Amino acid sequence: MRFVSFSLNNRLTIAPEHLVNNPSLIAVPFSKLPSFSQPPLNPSFHFDKNLQHILHGKSLLFDELPFEVEKIHEHYENGYLMYSPGIHKTKYGYACSRCGNEKSRWFASFSCFRCKSDSCVYCRNCIMMGRVSECTPLLSWTGPEVEWSKANNLLWYGQLSSGQQAASQRFVDGVEGEGELLVWAVCGAGKTEVLFKGIEKALKLGLRVCIATPRTDVVLELAPRLKSVFPETLVASYYGGSDERDLPAQLVISTTHQLYRFKQAFNIMIVDEVDAFPYSYDKTLQHAVTQAVHPKHFTLYLSATPSNRMKRAAKQEVLPCVKISRRFHGHPLPVPKMVWSGEWRKRIAAKKLPAPFVMWVKKQAQSGRRAMIFVSSVSMLDTVTDIIKKHVSVIVDRVHAEDPKRKEKVEQFRQEKIQLLITTTILERGVTVPFLDVAVLGADHDVFSESALVQIAGRAGRSKDDHDGQVLFFHYGKSLSMVRAVKHIKHMNREDVT
Amino acid sequence: MSYCLNCHQSYMETWSWQAFLGLGIVPLLCQDCEGRLELIKGEICRICGRAFSLFPEQYRQGDCCFDCIRWEEDPTWNGVLQQNRSLYVYNDFLKEVIAKLKYRGDAEIVKAFYPVAKTSFRKISRNGLVIPIPLSEERHYKRGFNQAELLARGFSSQPALLLKRKTHEEKQSKKTREERLVQKENPFQVIDAEKLQGQNVLLVDDVYTTGSTLRYAAKVLLEAGAKQVSSITLAR
Ligand SMILES: [Zn+2]
Ligand SMILES: [Zn+2]
Ligand SMILES: [Zn+2]
Ligand SMILES: [Zn+2]
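Going down the list, the protein sequences come from chains A and B. Okay, so the first sequence: first residue is 1 according to full-length UniProt numbering, each after it adds one. Okay, so the second sequence: first residue is 1 according to full-length UniProt numbering, each after it adds one.
No lab work stands behind these hints, which were simulated from the structure alone. Predicted, not measured: the structure shown is a model, and the values here were computed from it. All C-beta atoms, glycine included, are put in the ideal place defined by N, C-alpha and C. A portion of the hints provided could be inaccurate.
Some chain A residues near chain B, calculated using beta-carbon distances under 8 Å [unchecked claim]: (1) F110; (2) F113; (3) I127; (4) E317.
Starting from the given sequences, assemble the full structure and let the hints guide the process.
So this is what it looks like as structure tokens:
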């Protein structure tokens with residue numbers, strides 16, 4: 001789409017080319033428009049409630065709104081909606097207004113059929129959310145705010161452990177004000193329940209709440225849970241491929257990536273697994289969180305393995321922190337066993353598996369217990385799966401981050417339709433399956449950081465009927481990360497309940 | 001430091017040198033991504049260019065696959081498409097990459113295939129016209145570009161945009177009753193027939209699936225005066 005600019009009531013205004021029938025006006029890509037001013041709010045205009053609900057607190061492309069361009073532009077003309085450039089030029093290159101990216105290697109250009117420019121610059125960093133280019137403005141709501149319902153009762157009668165209780169109270173106390181809180185909870189400590197009371201209070205105050213997590217699996221697991229404990233609340237989940245993105249929602253469960261779609265939306269922001277890749281690595285995701293929160297907001301960070309920087313901030317009391325060291329069933333975390341298995345890389349390259357691993361996998365198959373087997377790369381996934389299938393007759397499958405059947409496979413695994421699931425590190429967090437053992441094949445590989453290994457170990461023994469899941473690290477020489485991970489877990493087990 | 005056009009990981013210059021010495025081209029993908037692409041090589045079907053190693057022996061007759069034999073037996077289609085050659089096997093990885101290009105609109109990714117396209121084209125080209133398979137106006141607008149056209153730029157600096165897809169109205173109005181019943185009307189139209197006269201044409205598309213898209217395009221081109229039509233696709 002191209003835009004034209006013209007003078008109306010002594011003000012320079014703009015419109016999509018096809019809505020103005022005036023061939024003397026020159027149509028240009030959005031980024032090439034002269035500066036124009038926002039039309040004033042017309043209080044007598046009947047705005048579309050649906051559009052308000054979808055756009056309020058967001059920053060979206062035309063393509064993301066299920067409305068005709070005419071209708072959208074009418075809201076612009078009456079001051080209910082704002083257009084701003086998706087990509088703008090900076091001193092050194094370009095910047096993407098949606099994701100904050102300014103690195104030149106994340107920008108590219110193409111000959112654009114929409115704006116007829118030979119080189120329409122677009123952002124590759126946030127392309128999974130739809131392409132932001134020089135000719136696509138970002139749309140945001142400037143009309144009246146949505147009034148959220150205050151009837152938001154929590155329907156949950158569970159018991160909190162004393163550790164959970166303390167953390168829950170700190171959150172409840174913080175909700176009304178502004179500030180931050182780090183909840184440092186060991187894997188399996190039951191951190192979701194810790195959030196319930198605080199969320200209830202916020203919702204009842206008419207505040208908007210978001211839980212952001214790096215992984216889609218966690219969104220898929222959390223959303224139904226929160227819907228069931230907050231039956232009166234409008235809850236929506238946001239992830240790549242979600243169909244709830246057009247629903248009005250006071251409580252949003254979102255992947256960190258999807259936060260790019262929001263703008264000044266949330267009063268309460270809960271950031272799950274702050275230390276997790278890609279969150280801690282990616283500055284633009286940090287930008288996403290900053291953009292998505294309301295100027296007045298409270299942020300809660302959840303982590304089992306906070307970064308050194310966060311730990312230091314907590315120690316110096318710059319960052320308020322509450323620890324939950326014990327799992328809610330009171331049992332310690334399973335300590336990983338290290339199993340030397342020779343040159344696993346060479347074995348696998350020769351389409352074989354290390355002998356100790358084969359022994360374990362056969363025993364595991366016989367035991368009837370489920371196991372997750374982690375490997376270091378997607379390319380290894382197929383090979384390892386194929387060889388395992390030759391050794392056992394139970395149902396074996398594999399899954400990786402971009403697997404189109406990922407959702408189904410994880411669900412089948414949960415329902416015990418798959419016994420052995422081979423995966424890359426991507427499922428290490430958030431997937432809760434009772435009666436589960438865990439093995440890492442090639443635990444000394446670089447991709448398995450201390451925090452990744454702690455998280456992986458935390459998959460095992462997650463229900464109170466089975467607190468003794470097995471965790472095995474198959475390796476060819478202990479890595480520093482392995483040693484640290486084991487130390488970390490032992491340390492967590494020694495700490496008292498706060 | 002170079003960054004992979006697909007996964008954005010940085011990769012070592014040494015890999016690109018090794019690959020350069022081995023393949024004679026500088027890769028724009030990292031070693032992992034490059035490794036997941038499968039170049040089509042070895043024995044292939046003389047017509048459609050699929051690798052014989054990838055499908056059962058019984059579907060092969062001499063140097064042709066059964067699908068092609070069926071096309072060639074049909075008098076309407078006999079000899080319409082001279083031959084097709086595809087660069088890579090359409091495996092899960094390439095499916096992912098093509099989906100990123102088409103459905104996410106990440107146009108840049110196509111450049112990863114330019115180095116191989118340039119060298120393959122040297123083998124196949126016969127000083128003809130390079131024509132990309134067009135998209136419908138609506139889809140073209142939605143995507144912002146035509147991936148076949150971007151790909152064609154890897155084969156030629158000046159692809160000839162001589163084909164278009166008929167609009168819905170054009171299809172309906174020109175269809176005879178009989179055609180409407182059998183749904184067999186050619187979806188393509190030639191834009192400038194003059195430029196085609198006596199020319200060899202190389203059609204470009206992203207994927208060869210059944211071969212019917214390319215054959216429909218080839219047919220209108222031949223009818224409009226092209227001498228012969230071959231095709232090249234990224235995936236098969
Ligand atoms: Zn961006
Ligand atoms: Zn454009
Ligand atoms: Zn790569
Ligand atoms: Zn064939």
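Going down the list of hints, with the structure as the test:
no.: 1; hint: F110; verdict: 4 Å, holds
no.: 2; hint: F113; verdict: 5 Å, holds
no.: 3; hint: I127; verdict: 5 Å, holds
no.: 4; hint: E317; verdict: 38 Å, violated
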